[in-house]
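*Asks:* Put chain Z on the given structure of chain D with help from the hints.
This is what each chain is made of:
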Amino acid sequence: MKKQLPLLIGFLAGSFAIAEFYIPAGIVRDIQSKLLEFASVLAAAAFVLGGINVIQVNLPIILHRRPDWQYKVVLMLGAAAMLLAGIEWHSLAAAPAPTQVTERPTGTTALAISASRDDAELSVDNKPFVPLGSGWREPVAPGAHNVAVRIPQPGYSAIAMPITVRAGMELTLRVPVRMLWGPSGRVYTWMYDHVFGPCNATMFALLSFFIASAAFRAFRARNLDAALLLGAAIIIMLGRVPIGRAIAGWLPALSDWIIDIPNNAGRRAIMMGAAIGAVATSLRVILGLERSHLGRD
Amino acid sequence: MAARNALLGFLERFDRRWIFLAMGLAIVLPLLYPLGLPADPSPMVKAVFYAIDDLPAGSTVLVSVDVDPASRPELEPFFHAAVRHLKKKGCKLVFLTLWYQAPPLVEHWIKDDVESASFPGDRPYRSGEDYVWLGFREGKAVVIAGIGQDLAATFNGQDAAGTPFAELPVLRGFARLADFPLIVLVSAGAPGAKEYVQLVQSRYNLKIVAASTAVSLTDLTPYYQSGQLLGLAGGMVDTAEYEILVARFLGLDPKEGVGAKALDVLNIGHLVVIFAIVLGNVIYFAGRRR
Numbered sequence: 001m002k003k004q005l006p007l008l009i010g011f012l013a014g015s016f017a018i019a020e021f022y023i024p025a026g027i028v029r030d031i032q033s034k035l036l037e038f039a040s041v042l043a044a045a046a047f048v049l050g051g052i053n054v055i056q057v058n059l060p061i062i063l064h065r066r067p068d069w070q071y072k073v074v075l076m077l078g079a080a081a082m083l084l085a086g087i088e089w090h091s092l093a094a095a096p097a098p099t100q101v102t103e104r105p106t107g108t109t110a111l112a113i114s115a116s117r118d119d120a121e122l123s124v125d126n127k128p129f130v131p132l133g134s135g136w137r138e139p140v141a142p143g144a145h146n147v148a149v150r151i152p153q154p155g156y157s158a159i160a161m162p163i164t165v166r167a168g169m170e171l172t173l174r175v176p177v178r179m180l181w182g183p184s185g186r187v188y189t190w191m192y193d194h195v196f197g198p199c200n201a202t203m204f205a206l207l208s209f210f211i212a213s214a215a216f217r218a219f220r221a222r223n224l225d226a227a228l229l230l231g232a233a234i235i236i237m238l239g240r241v242p243i244g245r246a247i248a249g250w251l252p253a254l255s256d257w258i259i260d261i262p263n264n265a266g267r268r269a270i271m272m273g274a275a276i277g278a279v280a281t282s283l284r285v286i287l288g289l290e291r292s293h294l295g296r297d
Numbered sequence: 298m299a300a301r302n303a304l305l306g307f308l309e310r311f312d313r314r315w316i317f318l319a320m321g322l323a324i325v326l327p328l329l330y331p332l333g334l335p336a337d338p339s340p341m342v343k344a345v346f347y348a349i350d351d352l353p354a355g356s357t358v359l360v361s362v363d364v365d366p367a368s369r370p371e372l373e374p375f376f377h378a379a380v381r382h383l384k385k386k387g388c389k390l391v392f393l394t395l396w397y398q399a400p401p402l403v404e405h406w407i408k409d410d411v412e413s414a415s416f417p418g419d420r421p422y423r424s425g426e427d428y429v430w431l432g433f434r435e436g437k438a439v440v441i442a443g444i445g446q447d448l449a450a451t452f453n454g455q456d457a458a459g460t461p462f463a464e465l466p467v468l469r470g471f472a473r474l475a476d477f478p479l480i481v482l483v484s485a486g487a488p489g490a491k492e493y494v495q496l497v498q499s500r501y502n503l504k505i506v507a508a509s510t511a512v513s514l515t516d517l518t519p520y521y522q523s524g525q526l527l528g529l530a531g532g533m534v535d536t537a538e539y540e541i542l543v544a545r546f547l548g549l550d551p552k553e554g555v556g557a558k559a560l561d562v563l564n565i566g567h568l569v570v571i572f573a574i575v576l577g578n579v580i581y582f583a584g585r586r587r
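As you go down the protein sequences, you meet chains D and Z in turn.
Per the numbering used here, the first sequence starts with residue 1, numbered consecutively.
Per the numbering used here, the second sequence starts with residue 298, numbered consecutively.
Careful: at least some of the hints might be erroneous.
[Stated by the list, open to error] Estimated spans, in silico, between C-beta atoms of each pair:
(1) Leu283/D x Phe317/Z: 46 to 56 Å
(2) Thr164/D x Asp351/Z: 32 to 42 Å
(3) Val130/D x Leu549/Z: 15 to 25 Å
[Said to hold, decoys possible] The list that follows gives simulated cross-link-like pairs (lysine-lysine, BS3-like), each with its CA atoms no further than 30 Å apart:
(4) Lys34/D x Lys3/D
(5) Lys127/D x Lys385/Z
(6) Lys437/Z x Lys34/D
[Claimed, not checked] A short, non-exhaustive set of chain Z residues, derived as facing chain D with CB atoms under 8 Å:
(7) Met320
(8) Leu322
(9) Pro366
(10) His405
(11) Asp409
(12) Ser413
(13) Pro421
(14) Arg434
(15) Lys437
(16) Pro519
(17) Val534
(18) Asn578
It should be emphasised that the hints constitute simulated quantities derived from the structure, not laboratory data.
Using N, Cα and C, we set each Cβ at its ideal position, and we do this for glycine too.
Isolated chain Z (complex conformation):
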């Protein structure tokens, strides 16, 4: 009985900084010592993969990259994987963003993956011919409604570097959202995938796949169920699963991806949170009983 009371006393005085330490170790250790548990892509993630894979070779795809540095770990692996997937299909790419925090990030990523060869057999894309970066336009939902009607009017008829649309071969025949066979959304929040679905998807019967942060996933699953999103990858887990599918498609090692490595962190991190919940409840009920 005394031992039990001592244990309960210890639990009641338990310093939450131990939880912080446990979480810190849960993040760092799996990166140093990977578990390598196999990931099985979910149907939603497979739907993203097949929506892109079913595109005719050489299609022109619009990619809206609505992210900030905070959402980078969750969404950057998806961006890289999607761009590689699209490049392997020979697709031309039109990038834009609705987030003012995004342009420097997107420009880095374009340099890394679009303007450079990013997998064996890949080639660097040329600005204006193979891809175009339209940049940021303020207006949030208004911009989405605007590009639904007229891409040139919304972006003042020029890309981020100031090149007129008329001098961009990649945009020939693509005046509005409905002209694109597929729209890929890398969406960290609002404005993003939800606004695209609400404002333009049904109106113009657009084909859209989206990647979102984990907290937005439950907001967006109804749109996936209703078919308004053809595929949905929510959070780091789904991003990693998509990255694994693309790595297999490209003949690369699936375990080498950033998302795949992050899966181990999530595995242990989730266990730490569950342990914290259980421990907190043990202390709570023990205190009530006493």
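So that you can see chain D by itself, here it is in the shape it has in the complex:
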């Protein structure tokens, strides 16, 4: 039963996913949509399993002071910090104060806007945002206006609201702006912008130096195959950039030919082979012939 039930579920879900492709009926699409939702939930749950796995792998290394345990501490602290910053703590607090709107007759039709932070920006009637500072007041035409207030940095609440100003009245808006938590919050975006982003980009940028070094040390014309590869690489590297055209007008055309004809021929062959392999493997899983994904027990 431990094996048969997962195999049966796999067979039914897999067979349905194939059959659904050929049956345009609405109910079939609804069931498929539900199955895809299940798959999304499973994928999200995998994140939790991933987190547990990170702890299982790294915590013993830290506790037993195994080699490089210091890096594991950084990893765990970084993960914990991002996790905490990613929780929407502000939603646990009391509801934010609403925008205060007051109206008083002054004889001049005007709009006065201020925010709870001096670094807020204001846009009236979809014009470009301008610094709001300690406040903004201007005469406006009577009628409807669009007001938007935001903080230039991400991670703060923003408002965009339509208002109506009556003739001879001054409408005053006091906009409360608050810092947010969660994936769009200030702390999370700050860590993303100033830690994760630069580290991620730096790792990738180092590739240019590794490629140059590898080109110098490893890219040798040892035989005919390697010489052909080397020649094609040089032609494509030159043909893909404007300086190639400046060197010889025919280089870009030759580069395009190599990409379009020999490269695509090889790519198609690999892709078709891989696709046929995927179909065969999928059929084996659906039919229960392939059971390695179920584990050993």
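*Replies:* This is chain Z only, laid out in the frame that chain D set:
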């Protein structure tokens, strides 16, 4: 003969850190002293431009921004250029991402280009009316298959800010991928353009253009040749070419774009790599002969 041997000896002892220095200079110097060599957009890039340009004014376009900070230099100029192009056409925009690393980047870019006027004559777009940011949904290929059938079910019926789809005028009449006249993919890898083509393009007969990183270009060119991608911009070179086309379209200076400036870095950077290959082979063959 002695001089030749001395030269070969020098080459054999050549420290690869000189290559690093050369690459560093190849990156920095062209940014300080631009070459400004003219770029000629390739047919694939022109196809991206015309696919967007042929859209009826005011169309609603889905933009899947599947990027991370590492791919930012290659793909950010394309995003900005495509958004400006689409805004000039008066198109409404629906953004989403399949990459968990993408949301903060995309939110920055939306703020810069969508919510603000980004070229002369442009206007800020209003969330919910002119554009919507659906955010990130985990599931990779499953999400692509899901939005092929039902956008609301896949995103729990709300955008990234929690606004229900029913309150978003921009999504009225757009329930699944097939409802969009064009899909623009800004795709740094998997899941991305390849998965969109394999899972939903043929099935729903979707019109798709894509921008990818340079390393993904050869993976995707077969799909461009087969017509499954209407246009393809691969890597910084194609991105810069598209940016130049859009700058001309908007009446801006093509040389002022980030991609155009980066072209000079690529020009010199490629020459340094080729020089490293040649030098390495000279040393190799000289050593073998001795």
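*Asks:* Can you verify the interface hint for proline 519/Z: is its Cβ closer than 8 Å to any Cβ in chain D?
*Replies:* Holds: closest Cβ of chain D sits about 5 Å from proline 519/Z, inside 8 Å.
*Asks:* Would the stated hint for valine 534/Z survive a check requiring a Cβ distance to chain D of less than 8 Å?
*Replies:* Nearest chain D Cβ about 5 Å off; hint holds.
*Asks:* Does 15 to 25 Å hold as the CB distance between valine 130/D and leucine 549/Z, or does it fail?
*Replies:* holds, 23 Å
*Asks:* Between the alpha carbons of lysine 34/D and lysine 3/D, is the straight-line distance 30 Å or under?
*Replies:* Holds - the C-alpha atoms of lysine 3/D and lysine 34/D are around 25 Å apart, at most 30 Å.
*Asks:* Can you verify the interface hint for asparagine 578/Z: is its Cβ closer than 8 Å to any Cβ in chain D?
*Replies:* holds, 6 Å
*Asks:* Is the hint on lysine 437/Z kept, meaning its closest Cβ partner in chain D is under 8 Å away?
*Replies:* holds, 7 Å
*Asks:* Using the nearest Cβ pair, does methionine 320/Z come within less than 8 Å of chain D?
*Replies:* holds, 4 Å
*Asks:* Can the suggested window of 32 to 42 Å be confirmed for the beta-carbon pair threonine 164/D and aspartate 351/Z?
*Replies:* holds, 41 Å
*Asks:* With the threshold set at 30 Å, check whether the alpha-carbon distance from lysine 127/D to lysine 385/Z stays at or below it.
*Replies:* Within the cut-off at roughly 17 Å; holds.
*Asks:* Using the nearest Cβ pair, does proline 421/Z come within less than 8 Å of chain D?
*Replies:* holds, 5 Å
*Asks:* Does leucine 322/Z pass the interface hint, meaning its C-beta sits closer than 8 Å to a C-beta of chain D?
*Replies:* violated, 11 Å
*Asks:* Using Cβ atoms only, decide whether proline 366/Z comes closer than 8 Å to chain D, and label the hint accordingly.
*Replies:* holds, 4 Å
Consistency note: the structure conflicts with the earlier hints numbered 8 and 11.
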